[in-house]
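K.L.:
Let the hints inform the model, and build the full structure from the sequences given.
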Amino acid sequence: KAGVTQTPRYLIKTRGQQVTLSCSPISGHRSVSWYQQTPGQGLQFLFEYFSETQRNKGNFPGRFSGRQFSNSRSEMNVSTLELGDSALYLCASSLGFGNTIYFGEGSWLTVV
Amino acid sequence: DQQVKQNSPSLSVQEGRISILNCDYTNSMFDYFLWYKKYPAEGPTFLISISSIKDKNEDGRFTVFLNKSAKHLSLHIVPSQPGDSAVYFCAAPLNNNDMRFGAGTRLTVKP
Chain A
148 KAGVTQTPRY LIKTRGQQVT LSCSPISGHR SVSWYQQTPG QGLQFLFEYF SETQRNKGNF
208 PGRFSGRQFS NSRSEMNVST LELGDSALYL CASSLGFGNT IYFGEGSWLT VV
Chain B
-8 DQQVKQNSPS LSVQEGRISI LNCDYTNSMF DYFLWYKKYP AEGPTFLISI SSIKDKNEDG
52 RFTVFLNKSA KHLSLHIVPS QPGDSAVYFC AAPLNNNDMR FGAGTRLTVK P
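As given, the protein sequences belong to chains A and B, one line each in that order. Using the numbering used here, you'd call the opening residue of the first sequence number 148 and step up by one each time. Using the numbering used here, you'd call the opening residue of the second sequence number -8 and step up by one each time.
In case anyone wonders, no lab produced these hints; they're calculated from the structure. Glycine included, each C-beta is placed from N, C-alpha and C at the ideal position. There's no promise every hint is true.
Claimed, not checked - Quick list of simulated restraints, FRET-style, between CB atoms: (1) A:R177 with B:T36: 32 to 40 Å; (2) A:L230 with B:P31: 19 to 27 Å; (3) B:S3 with A:S233: 27 to 35 Å; (4) B:D46 with A:Q164: 48 to 56 Å; (5) A:T227 with B:Q72: 40 to 48 Å; (6) A:Q188 with B:S42: 21 to 29 Å; (7) A:S233 with B:K101: 28 to 36 Å; (8) A:R214 with B:N18: 25 to 33 Å; (9) B:K47 with A:K160: 41 to 49 Å; (10) B:S19 with A:P186: 26 to 34 Å.
P.N.:
Rendered as structure tokens:
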């Protein structure tokens, strides 16, 4: 079956703009989580959704937001982009807590 | 708040030898640990996991050891192959799917 799909794969934005990233989970997976990866920082948890509800949120400012639709697809939005937001944004899906999470290939965001 | 730590940013080993990647954690509530492998331009892929009720889990060339008293786990790859060259992340779920990752260790296996 298809894996986790993220779009777009690469994008360049200007400081102050906003961006929306999309994630389609593995079919049947209702949990979708988002992570930010920057060099030397590993993967930092952004938030997690299950059945359209945000269950958990990491330590990121309110400029980072997300949502999940009834088909489990998810989007994350970053408003008022800053240079430090340049990173690889990874989406992961799973059946639920205690199950292995599977990652997409990520969306590379560059803020100039 | 770095609850999962990988203190070695890189490791280089010769093909055929053993690779040992280390991970320490601070949160004693963690009861499940995972290792992910990541190639450039790809998302992390699940490699192997271990529950806190075990001290060892083996899958082919990959073995993970857990020392709960030391809050330490390690991933052994034997024998190492050039295709194993990647960044390896240690992770533990906090709650729901809030997974805490280490900073990663870049493994290079030389032919």
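K.L.:
Hint by hint, say whether it matches the structure.
P.N.:
For each hint, the structure was consulted:
1. A:R177 with B:T36: 32 to 40 Å: At roughly 21 Å between Cβ atoms, T36 of chain B and R177 of chain A fall outside 32 to 40 Å, so the hint is violated.
2. A:L230 with B:P31: 19 to 27 Å: 22 Å, holds
3. B:S3 with A:S233: 27 to 35 Å: At roughly 28 Å between Cβ atoms, S233 of chain A and S3 of chain B fall inside 27 to 35 Å, so the hint holds.
4. B:D46 with A:Q164: 48 to 56 Å: Holds: the Cβ-Cβ distance is about 50 Å, inside 48 to 56 Å.
5. A:T227 with B:Q72: 40 to 48 Å: 46 Å, holds
6. A:Q188 with B:S42: 21 to 29 Å: 27 Å, holds
7. A:S233 with B:K101: 28 to 36 Å: 32 Å, holds
8. A:R214 with B:N18: 25 to 33 Å: Since the Cβ atoms of R214 of chain A and N18 of chain B sit about 29 Å apart, the hinted range of 25 to 33 Å holds.
9. B:K47 with A:K160: 41 to 49 Å: About 46 Å separates the Cβ atoms of K47 of chain B and K160 of chain A, which means 41 to 49 Å holds.
10. B:S19 with A:P186: 26 to 34 Å: Hint holds: Cβ distance 30 Å, inside 26 to 34 Å.
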